[in-house]
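Top to bottom, those sequences are chains W and X.
Residues in the first sequence are numbered consecutively from 500, following the numbering used here.
Residues in the second sequence are numbered consecutively from 500, following the numbering used here.
These aren't lab readings, by the way, just hints derived from the structure by calculation.
Nothing here was measured: the structure is a model prediction, and the numbers come from that model.
Careful, some of the hints might be misleading.
To be verified - Partial list, computed: chain X residues near chain W (C-beta under 8 Å):
no., residue
1, L531
2, L648
3, A806
4, D818
As the list claims (entries may be wrong) - Which chain X residues stay away from chain W? Per the calculated CB distances, all over 10 Å, these:
no., residue
5, R534
6, P561
7, G745
8, P758
Every residue gets a Cβ at the ideal spot worked out from N, C-alpha and C, and that includes glycine.
2 protein chains.
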Amino acid sequence: MNTSRPLRIAMAGLGTVGGGVAEALAARAGELASRGGRALELVSVFARDRKKARKKELANIPWADDLAAMAKSDADVVVELIGGENGAALSLVEASLRAKKHVVTANKALLASHGTKLAALAEQNGVALKFEAAAAGGIPVVKALRESLIAHGVDAVRGILNGTCNYILTQMEATGRSFEDVLADAQKLGYAEADPELDVGGGDTAHKLSLLAGLAFGIAPDLKNITTQGIRHITPEDIRFAREFGYRIKLLGVARATPHGIDQRVQPAMVRLGTPLADVDGVFNAVRADAGAAGPFFFEGRGAGEAPTASAVVADLVDIARGSIGPVFGRPASALKAVSPAPPEARTSAFYLRFKVLDLPGVLADIARQLARCEVSIESMIQRGRGHGEAVSIVMITHECPQAAVERALNAIEGSDKVIGQPCMIPMEAG
Amino acid sequence: MNTSRPLRIAMAGLGTVGGGVAEALAARAGELASRGGRALELVSVFARDRKKARKKELANIPWADDLAAMAKSDADVVVELIGGENGAALSLVEASLRAKKHVVTANKALLASHGTKLAALAEQNGVALKFEAAAAGGIPVVKALRESLIAHGVDAVRGILNGTCNYILTQMEATGRSFEDVLADAQKLGYAEADPELDVGGGDTAHKLSLLAGLAFGIAPDLKNITTQGIRHITPEDIRFAREFGYRIKLLGVARATPHGIDQRVQPAMVRLGTPLADVDGVFNAVRADAGAAGPFFFEGRGAGEAPTASAVVADLVDIARGSIGPVFGRPASALKAVSPAPPEARTSAFYLRFKVLDLPGVLADIARQLARCEVSIESMIQRGRGHGEAVSIVMITHECPQAAVERALNAIEGSDKVIGQPCMIPMEAG
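The following block holds chain W by itself, in its conformation from the complex:
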């Protein structure tokens, strides 16, 4: 790569983030050239709708004929901000890498599904595929896992990776209102999509977790290895009980090395109050990485939005300008291990359990007996409300035990005619 002439950048997808990238490249051209050792020049752009109103920094940039033309152009780097797991984004990235263009993308869905294959393609063609913006917005945690926390390995990564979910949980705690009410407000405020399922169902967190796990453990990103649960079933009552026990509920992506393999899951978890992850409020994201003897590291910042995401894209571009290429997931793509889902025995923790029961004699004894039969022991218990024959909540924290044992007990308990609906089970996680 000739590093004396400007780095020529083509960008596809000109929404909020694309506008932010164009703005930062223009506003801080001198500074970025000084850092990159060469100018960074936006030479070509493309989006579906050419007529849409856009940032003034995009007004005079030549428009590519189409994405195929962009991949074949004389740009050095293609920035993919189209989004989506397949389709146009995948075609553009593949064609660009084949044409020996570096690629910078914010597309977690694409990389979660095709990351290993695209990494191999980038490495075969001697170009970079960078994705700092895909995992926790502006937080430089992709770089930290890829380049910094490498001398002692990583035992576990836990992250609050979806601002929509964290905003909803924070608001549910602050207002005592239900998931549905808070979601509706978040949609009005633009903090949640009209179709919120990818966020509140945990899928977006799973996409990001697959990338962090790939970087941390040298495994091929694979959504099939991630058990995913969203936050729809969390009630204001769970949040209040959590607080009483000294915890806060957060939707976490967790990837952890266990003697049985890498356990990866997305799940609401109880995080002890006063720990860094418990204190991450609103739309912020955060990642805790346990790096062996080097100890836990914690990173927090904005996980989405124009400036934070543009910040990550621009940092990747400057890396490329400086010639810092390196393997996509830190190790050569060929070294990324394909793994299977961890078996059930990989999951042990303490658990929060909530049962809605009819207040009848013997109901607590029934529950306790089933738990004991499965060797789940109780650390503390709260029973609230009294009214013979009426519905009351019984809430417990277990000692550390296998999740499979708790599930066996819950299956048996669910069958009781004194128990209403499905019990709620939330694991405790280090924060």
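Keeping the supplied structure of chain W fixed, place chain X upon it in accordance with the hints.
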């Protein structure tokens, strides 16, 4: 640089950190080679005392004749872990850079005094001078400021950069004991040096702050621009009052862009409870960087000790193995601006003020009059203890105002014969 053969590493200084580096290079050789694209090989070591007992990983590494020989050897990289601002460390680093060897160092004192000159020397010779371990131990904040938080500039960096001070302040709060008592215990436990002045006097924090400010603002590191105050004057009473007002006292290094220039200081500060910096306990370090529209970022981890520091050194070595060189402070050394200390008007904040006074009629009125005369207005006040003619404490929080105005008022108040000793003034800082 030929990147197909191993990266040949020479290391001077074989204490705790050096042992940790040798151990990590040996224990994770395959993993690091995979990440660096080549093997990392420790080929030469040196320390003052050859007879000292050391880690087994150092046993069979050839010993250099002396430091001059190491600088002239066929190593690709010299790791400087000798320490000290001048003397052997400076000579080794200069000679190694001149001999076109990359240098990795954990030496904050050296870089705080000679950083710009050494950066220029490295860049002239086309080699790297990396120092991740010099600023906040294992936390990859040097890399984050150098390579990641660059698209929107940085307005302010605030850090807890000295684990000894943070441990002492945490223990003072937990036990209610005095600075001297807690320091003596910390010395026994090995958390404080026999001569603790560099730590508790704030000098070590100033060294590190000068490097973070250089990276964040593109200025030449210069200790003369940093106003430094340590923690010796902090009393258990201050810590209790801070808590009552909803704050915690932390020794912070702060560098902030103001309309009057870059204000740099090391000073105990009041940080609001519940903010990330306030919650950093014990020997942990943390940095908050305000990156314009991309918002605040927060990084926390272990700031010292064998594994965290070795982790940072090894990450720098793998960067070099991969060929990621780049300018030492993110921009070319010639672009680093030499600045002057910010003038007094650059410093405005709210302040905590504590006066020890004789409980006599009119004393509060006298203090209030002097503050009003200097246009310092009071937001809240606590007066504790009552006993005519006895010593009591009056504690206040001011509204935001110039530090110079507070100092004028305090000078006048100190002259009063009803005021005992020197008033204590601690600024409030965002956490």
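Each hint tested on the structure:
| no. | hint | in the structure |
| --- | --- | --- |
| 1 | L531 | holds, 7 Å |
| 2 | L648 | holds, 7 Å |
| 3 | A806 | holds, 4 Å |
| 4 | D818 | holds, 6 Å |
| 5 | R534 | violated, 5 Å |
| 6 | P561 | holds, 23 Å |
| 7 | G745 | holds, 15 Å |
| 8 | P758 | holds, 19 Å |
When each numbered hint is compared with the structure, a violation occurs for hint 5 only.
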